[in-house]
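Student: Chain by chain, the residues run as shown.
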Amino acid sequence: MNVRVSRAKMGWLGLYAATYLTFIYLPVLLLPVFSFNDAIYVAFPIKGFTLKWWEEMVAHEGMLQSLRNSLKVGVAVSIISTVFGVLAAKAFTRYRMPGSRALTGFFSIPLVIPLIILGIALLTVLTTVGVSLSLYTIMLGHVVICVPFAMFIMISRLEGFDQSVEEAAQDLGETPWMTFWRVTFPLALPGIMASMLLTFTISFDEFLLAFFLAGDQLTLPIYIWGQLRFPKKLPSVLALGSAILLATTILVTVAMMFVRRKGD
Amino acid sequence: MPDEAFISILDVSKHFGPVKAVDRVSINIAQGEFFALLGPSGCGKTTLLRMLAGFEAPTLGEIYIDDQPTASMPPYQRPVNMVFQNYAIFPHLNVYQNIAFGLRKEKLSRSDLDARVNEALALIKLEGYGTRGANELSGGQRQRVALARALIKRPKVLLLDEPLGALDKKLREQMQIELRQLQKSVGITFVFVTHDQEEALTMSDRIAVMSEGHVLEIGSPEGLYERPRTRFVADFIGTMNFFEGRVRAREGGKIAVDAERVGEVQVPADDYDFNAGDTVVVALRPENIRMRPGRPDLTANMAHGTMSNAAYLGDRAHIYVQTEGSEQPILVAMQNLDGAASSATHGERSVALQWSEQAVLLLRPE
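Sequence order for the protein chains is A and B. Take 1 as the starting number for the first sequence in this note's numbering and just add one per residue. Take 1 as the starting number for the second sequence in this note's numbering and just add one per residue.
In isolation and in its complexed conformation, chain A is listed as follows:
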C-alpha cells in the first residue's frame, strides 16, 4: 500500500518540523552571531561587527589553560575507556560466562546513577583515602561514566561481524593475540574510532563530576561557569563556545560516519 500524505497534513508536519528545529538550533546559532557583536551585553539589536572578542579569547591565558586541561582529560578518558570497553565487549561476546547478562547490567549502572550522586560519592571516597584532587581525579570520574558507552558501542561492533573469521585466523596459524591484532582489531576499528570520539565528547563537556573532582586545575566547562559572573567576559566565552561548537560538529560528524560504515 502506498501511503500518500495529504497536502494539508504535509503543511502541519512541515510546521512542526520547522518549529522543532528552530527551538533546538536557533539558540545555538545565536552563539556565533553574538560572538561577533560589538557589544558586551548579549541582546538584540546587533550593534556591529567586531573580532575583538575572538582576539580576547585567544589572548586569555586562563581560558586557554582550561581548554588544554579539557583536551588532556578528554583524550586520556577516550583512550582508557575505549580500551576497557573493547576488553569488556570481547569478554561478553566471545566467552561463555555464567551471569554475563547480570554483569552487563552491572556495568551500565553508571549510566543511570545521577551524576550529582556519583560525584559526591567519588569525592567522599577520594578524600577519605587521601587522594588529592587534580585532573587525574576528573579523568577517573569520566572513565567511570564513559566505559559503559564504550562497551555498548564495542559490543554491537563485535557482534556485527562473523566470528568464525577469528577462528579462521587461529586455524591458519595465528595465536589469539595475533588474531586480535590482524583480524579483530581491524574489523572493530570503526567501532573503536566511534567510541573514542563519543567518549571524548562526553568528557569534554561534562560539568558535574568535573566540578566535584577538580583540584586547582579546571576544565573548560567549570571555567566557563566561573566566568559567567563577569558580564564583560561573556562575549569572549561566546567566541570560545562557537569555536568548540564547530570542532564538536566536525568530530561527531566524523564519528557518525565511522559508526555507519559497515565492516563487511
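None of these hints come from the bench; they were simulated from the model. Computed from a predicted structure; not experimentally measured. Just so you know, not all the hints are guaranteed correct.
Said to hold, decoys possible - Output of the computed footprint for chain B on chain A, the stretches with three or more beta carbons under 8 Å from beta carbons of chain B:
{"hint": "1", "region": "164 to 177"}
{"hint": "2", "region": "180 to 187"}
Unchecked claim - Which chain B residues stay away from chain A? Per the calculated CB distances, all over 12 Å, these:
{"hint": "3", "residue": "Lys20"}
{"hint": "4", "residue": "Asp66"}
{"hint": "5", "residue": "Ile89"}
{"hint": "6", "residue": "Glu127"}
{"hint": "7", "residue": "Ala150"}
{"hint": "8", "residue": "Asp161"}
{"hint": "9", "residue": "Arg248"}
{"hint": "10", "residue": "Gly252"}
{"hint": "11", "residue": "Glu260"}
{"hint": "12", "residue": "Ala333"}
Note that the Cβ used here is the ideal one computed from N, Cα and C, for glycine as well.
Starting from the structure of chain A, add chain B where the hints point.
Tutor: Frame of chain A, contents of chain B only:
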C-alpha cells in the same frame, strides 16, 4: 578398515552440560583418504570436526593426528586447516591477502610469496583475482578462496564443514567433482562434514554415518548404499521401502520371510544368521522393484497392488503402489527409458511388483 590410521579418533566424547553432542566415537582415517562425516543436523558431526581442528576439546577420549596426541595442541599449532561453512573470508582483506594470510610465519620473500599465492590462485582457477575485495566475490568464488587459503598452508589434513551447502545446485554438482579432483591431485587427507547423502556418496572414499552423537556405520559409498546394516543408515542414505516380517524357515540355502504387504520374501541365507521365528525388517530399494501391468499368480518375491500416485521427475518417475489392506504405499522408482516412466504414470492401474533375491536386505529390528 585402513591399515594405517593417519587420524585416530579414540573413544571420543564431547559433552555440553547434560548434552552428549558426541558420544564414544572411534574412527580411523587413512592418509590421503576422502572421508565424510554424514548425518542429520545435530548428530555431532560438526562438533567432531571442530575437535579435529582444535576449537573444542574432547570431554573424554583422545585424538591422534599423524601419531601426535592433540589434546594439548591449540588450533594454531595443528597440522590441519579448515574450510568453514560460511567460508569466513576476512572482509577487510582482498583475495591475495586472504590467501597469503597463513604464510606470515614462513617469512617468505616478496617474490616467493607471490609465487605461492599465484600458484594457489591458479589451482582454484581465479588467476588475476588477487586484488578483488572480499565483498566482490560470488559464493562459488568465496568457497574457492577459502579452499586456497587453507591449502596454501600445505596441511596434513583439510577439514571441510559443509563447504558446498551455500551454493546453488548446478554449482554444487560442479564443485563436488572439482573438489574430488583437487583432493586426488594434492593427495591431502580430506575430512568432510555434510548432511547431504548424495554429496557424501559422490565424493567420499569412505563415509561415517552419525546419529545423535554416535557413529552408526562406517563404510564405502557402495557398501553403505547396497549393504547397510542398520535401519537408520538404510533409510538415511537413498530411499528405502521397509516391511516388518518374521522368518518362517531357513532351508535349502534360503531364508523365507513372511512380510507385511509383500507376502513371502526369499533371500539367500549365506549373508544372514537369522533363524525361523526371528523378527526382521525387509528392506527394498525402489529402483530394484520391477513393475508391470496385470495380476499374474503370486510366487515368492512378488506382490500385487494398485497405483495410487505418481511423481514424474524427468529422468525417472516415483510410483506409489497400494497393496490390499494397507495404508502405506510401496515406492517404485522407474527409469524414464524411452519414455517408459511417463507412459507408466498414465498406464494400467492394477500392477504386479517383482524383485530379485539379491535385491532384498534383511535388517535387525531396532
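Student: Compare the structure with each hint and give your call.
Tutor: Verification of the hints:
Counting residues of the region 164 to 177 of chain A whose CB lies closer than 8 Å to any CB of chain B gives 11, so the stated coverage by that chain holds, three being the minimum. Counting residues of the region 180 to 187 of chain A whose CB lies closer than 8 Å to any CB of chain B gives 4, which reaches the minimum of 3, so the coverage claim holds. Lys20(B), annotated as away from the interface, keeps every beta carbon of chain A farther than 12 Å; the closest lies near 18 Å. Distance to chain A confirms Asp66(B) as a non-interface residue, since its nearest Cβ pair spans about 17 Å, more than 12 Å.
Its beta-carbon lying about 8 Å from the closest one in chain A, Ile89(B) breaks the requirement of being farther than 12 Å from that chain. Look at Glu127(B): its CB is around 22 Å from the nearest CB on chain A, clear of 12 Å, so calling it non-interface holds up. For Ala150(B), the shortest C-beta to C-beta distance to chain A comes to about 8 Å, within the 12 Å cut-off, and the non-interface label is violated. Listed as a non-interface residue, Asp161(B) fails to keep its Cβ farther than 12 Å from every Cβ of chain A; the least gap is roughly 9 Å.
The claim that Arg248(B) is not at the interface with chain A holds, since no C-beta of that chain comes within 12 Å of its own (minimum 56 Å). Residue placement check: Gly252(B) keeps its beta carbon more than 12 Å from all beta carbons of chain A (closest about 60 Å). At the 12 Å boundary, the C-beta of Glu260(B) stays outside the reach of chain A, the nearest C-beta of that chain being 49 Å off. The beta carbon of Ala333(B) is kept farther than 12 Å from every beta carbon of chain A, the shortest such distance being approximately 40 Å.
In this structure, the earlier hints numbered 5, 7 and 8 are contradicted, and the remaining ones agree with it.
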